[in-house]
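**Q** Put together the whole structure using the sequences plus the hints.
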Amino acid sequence: MRFTKKMAAALVIAAAMSTAFAQKIEVIGAGASFPAPLVTAMADQYRTLTDGRVTVNYQSIGSGGGIRQFGEQTIMFGMTEAFLNDEIVEEVEKKTGGRAFNMPITLADVVVTYNVPGVKEGVVFNGEVLADIFLGKIKKWNDKNIQALNKSIKLPNLNITVVHRSDGSGTTNIWTSYLTKVSKEWADKIGYATSVNWPVGVGAKGNEGVAGVVMNTPGALGYNSYAYALLNKISYGYLINKSGNTIKPNFEATSEAANIDLPEDTRIIFTDTPAAQGYPVAGFTWMLVYENLEKNKAIKSKNEAEELIKFLIWAITDGQGLSERLGYAKLPKAAVDKNKAMIRELKWNGEEIGKKILG
Amino acid sequence: MRSLRSRYARDNVVLVFIILNTVAVLIPLFIILGYVIVQGFNYISLDLFTKELGSPTRNMMGEPTGLVHTIIGTAVVDIMAVLISIPFGIGAGVMLSEYPDHWANPILRVLNDTLNGMPAVLKGLLAFVLVVKPMGSFSGLSGGVALAFVMFPIIARATESALMNIPWSIREAGLAIGLPRWRVILSTIIPAAKVGLVTGFLIAFARAAGEAAPLVFTSFGNNYLPVKWTGWIFGPVDTLPQRLYNLAISPYEHWHGMGWAAAIILLAVITASFAAARFFIRDKKQE
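Protein chains in written order, with my numbering: chain U, 1 to 359; chain Y, 360 to 646.
Don't read these hints as lab results, they were simulated from the structure. Careful: at least some of the hints might be erroneous.
Footprint (simulated), chain U over chain Y, 3 or more residues, beta carbon under 8 angstroms [as the list claims (entries may be wrong)]: (1) 367 to 375; (2) 408 to 416; (3) 492 to 498; (4) 603 to 610.
The model shown is predicted, which means the values in this text are computed figures rather than measured ones. Glycine included, every Cβ here is placed at the ideal spot set by N, Cα and C.
**A** Listed below in structure tokens is the structure:
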């Protein structure tokens, strides 16, 4: 009896000591610039929650850079607004004997930003009109097609200056995929990608570049991530979605758009969503993780792999609480569930550590 | 022959022309300096030098945020770059100037000029392949190597021209009293060319200290202090030019301000190193 008591005491002390001397862990990730503010905010809070034990270092190097460094295995997780294509997925499978998971971590929504003197937020557009503007067929703000959607606003006789991204961009990918879905002419002539051959308009680098040109050019019309328009107080338009409802960009409408039947690997584009109250120009931002974590050279111990999984779980659950204040929509339940299914598959040398941690 | 008066007149015209040109060159410099200081001054605070950056929410929630890890990181990476590039740079310069007949010199000169003209981002990629890939992680060391590639050709060139300016008679004098060639170079030529060497080194340092591109895929960046002290060398490290860029393109007003403040710090670091090196040379001369 006394023996067991002593043992218990020793165990308690040992446990206390092991937490006191627990190794500090650095989780390193990189990729898309769009979710960087959110992920760094998550990192900050997670660090506080773990008493400084786990530091998540996320650097924004762009979606392309994120995919690239994920493949080079210099980072523990990547981040991208355009999901991994089949070619890369196959290559990873050949190299590591496991899958590369795309786990949705947040939602990107793209809004129409504009600068029309005397006109505030809330000019209504539909897909057809936007495609015609970006094809150069609608040239004036008081064009009858725009005016027809905005009976209560008097639009001026002003030339439209289309502003688009000059760099490869996940935002462009989402925006052009929307135009492709709503306009056959756009689909035939231009299509969608992280950068396309724009028929009209001026290019600007980055979200901030587009915002800058829009703010300084009367008559300008561009596209920005919602967070950016919100934080910089740029006027943005409302969109008529597939169901015919006029949607003011907001977080619920974005989450709603993503609340659809997701494939197991979550690799899906859901612009022009069928959801009745969903905002039509939105997409996931994915976190990239190897199924066989030990195969990623950037992860040097099982301990690091476990901490990465714990952070991942926290980020898709409690961490989502940070989203809205920063201008991001929360993940819909469907995406969280799919993420959990993928996390259960994560392994370290065959041991199912994802399942063990998630339970 | 022209009259004396017309010569004076011409002299004055040229003098005015030179002054105007000097002012024209200096105006943009002072506009840049002034603008940076005006924009960033309000963001200079104690927190900037004592706290980590963290996330943009820190400012929104009134928590302190700063660049202490960036300032230390810049010092660490730059010092590593200096330690790596100086021996090689001065060595190459000595080779070019003191052993002009060596068969390898024409190749060395061409390679050095090529390296000098190569875009800095490629030097970053080179360091990525040489250091980051084999080590399996981004590191301050690889950033130092990348910046050393930036500094090396400038130091080599400057060393060569500084040593070339020393008359051959001094070398001959040294050899005449029986000194070996390496001793002549080490004890007479290099000390005599010291001012030129330090100037070349400063130009190289200032150029490297302002480079962001080679660091993106090498020292990588960090929002926090490394968790262990070895992290400064073997882990991702933040540096001022790269952080400045990231702050500037962020959508947050407070981060824009911190970007300006980072620019002030970077300018101050470069100016201070110039002043220190100048002082160092002058001090030795007076002895």
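**Q** Evaluate each hint against the coordinates.
**A** Taking the hints in turn, this is what the structure says about them:
| no. | hint | verdict |
| --- | --- | --- |
| 1 | 367 to 375 | violated (count 0) |
| 2 | 408 to 416 | holds (count 4) |
| 3 | 492 to 498 | holds (count 4) |
| 4 | 603 to 610 | holds (count 4) |
In summary, the one numbered hint that this structure violates is 1.
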